[in-house]
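Novice: Given chain D, put chain L in place with the hints provided.
These protein sequence lines map, in sequence, to chains D and L. Last residue of the first sequence: 114 in the numbering used here, with the numbers rising by one and none dropped. Last residue of the second sequence: 1114 in the numbering used here, with the numbers rising by one and none dropped.
Do not take every clue at face value.
If you anchor each label on the Cβ, the simulated ranges turn out as follows [what the hints assert, rightly or not]:
1. D:Thr-16 with L:Val-1054: 45 to 55 Å
2. L:Ile-1012 with D:Lys-41: 16 to 26 Å
3. L:Asp-1031 with D:Gly-28: 34 to 44 Å
4. D:Glu-102 with L:Ala-1029: 16 to 26 Å
5. D:Glu-52 with L:Asn-1027: 22 to 32 Å
6. D:Leu-51 with L:Lys-1068: 30 to 40 Å
7. L:Arg-1061 with D:Thr-16: 22 to 32 Å
8. L:Gln-1014 with D:Gly-14: 38 to 48 Å
9. L:Val-1054 with D:Gly-14: 50 to 60 Å
Simulated from the structure, these hints should not be mistaken for laboratory data. This one's a predicted model, so the numbers in the text were calculated from it and none came from an experiment. Every residue gets a Cβ at the ideal spot worked out from N, C-alpha and C, and that includes glycine.
Here is what each chain is made of, one letter per residue.
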Amino acid sequence: ETGVTQTPRHLVMGMTNKKSLKCEQHLGHNAMYWYKQSAKKPLELMFVYSLEERVENNSVPSRFSPECPNSSHLFLHLHTLQPEDSALYLCASSQPGTGVYEQYFGPGTRLTVT
Amino acid sequence: QQQVKQSPQSLIVQKGGISIINCAYENTAFDYFPWYQQFPGKGPALLIAIRPDVSEKKEGRFTISFNKSAKQFSLHIMDSQPGDSATYFCAASPSGTSYGKLTFGQGTILTVHP
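The following block holds chain D by itself, in its conformation from the complex (with noise of 0.2 Å):
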């Protein structure tokens, strides 16, 4: 495996289930992240980890719970989502340092809520 993989790469799941969403990076970098991506509007930053420790939270509801074991591995669990919560959900990495930014993303999990 190379770059960064999502499983599942689908999910369907209804209002009261528990679920958990997979990232895995396979580049060496020490920062994740999580987005929404929602048809017509901007991808949206949900959570990032810097080191193993979550360096930002934007205003996400508590039903998303994200967890980072290991600097190769982040989580999204979910419970209790709503029908608007239905989007791709992308993860992404990169290598911390100043000035360099670049992002790689995953495939995606297309989560949809019913």
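Specialist: Coordinates of chain L only, in the frame set by chain D:
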């Protein structure tokens, strides 16, 4: 002030033509301006990026033009090809963080007709 405004929302160009996508920002702390390209079923991928100390950057058929005083930047795709058909996102990131904190535009769906 964190917004990045992108236009047009969609663009249709004939093969061999020039595609132009524009972005504008307000936050003067932004100092890194990348463009991402996204194909269906894939995550965004970095295409080209620029910093405010230069007014233009060219990589192959892709050129970023940057106007610091107007707080605008644009992507030009010369000799557009059907394979360039994708969604393009501009983004901006401020200085002062060790990780990337990208604010994205809404995206432009580019269709290049053969």
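Novice: Give a verdict on every hint.
Specialist: Taking the hints in turn, this is what the structure says about them:
1. D:Thr-16 with L:Val-1054: 45 to 55 Å: Roughly 53 Å apart at Cβ, these two residues keep to the hinted range, so it holds.
2. L:Ile-1012 with D:Lys-41: 16 to 26 Å: Since the Cβ atoms of Ile-1012 (chain L) and Lys-41 (chain D) sit about 22 Å apart, the hinted range of 16 to 26 Å holds.
3. L:Asp-1031 with D:Gly-28: 34 to 44 Å: Violated - the Cβ-Cβ distance for Asp-1031 (chain L) and Gly-28 (chain D), about 25 Å, lies outside 34 to 44 Å.
4. D:Glu-102 with L:Ala-1029: 16 to 26 Å: holds, 19 Å
5. D:Glu-52 with L:Asn-1027: 22 to 32 Å: holds, 28 Å
6. D:Leu-51 with L:Lys-1068: 30 to 40 Å: holds, 33 Å
7. L:Arg-1061 with D:Thr-16: 22 to 32 Å: violated, 50 Å
8. L:Gln-1014 with D:Gly-14: 38 to 48 Å: Holds, since Gln-1014 (chain L) and Gly-14 (chain D) (Cβ atoms, about 46 Å apart) stay within the stated range.
9. L:Val-1054 with D:Gly-14: 50 to 60 Å: holds, 51 Å
Taken one by one, the earlier hints fail for this structure at numbers 3, 7, listed in ascending order.
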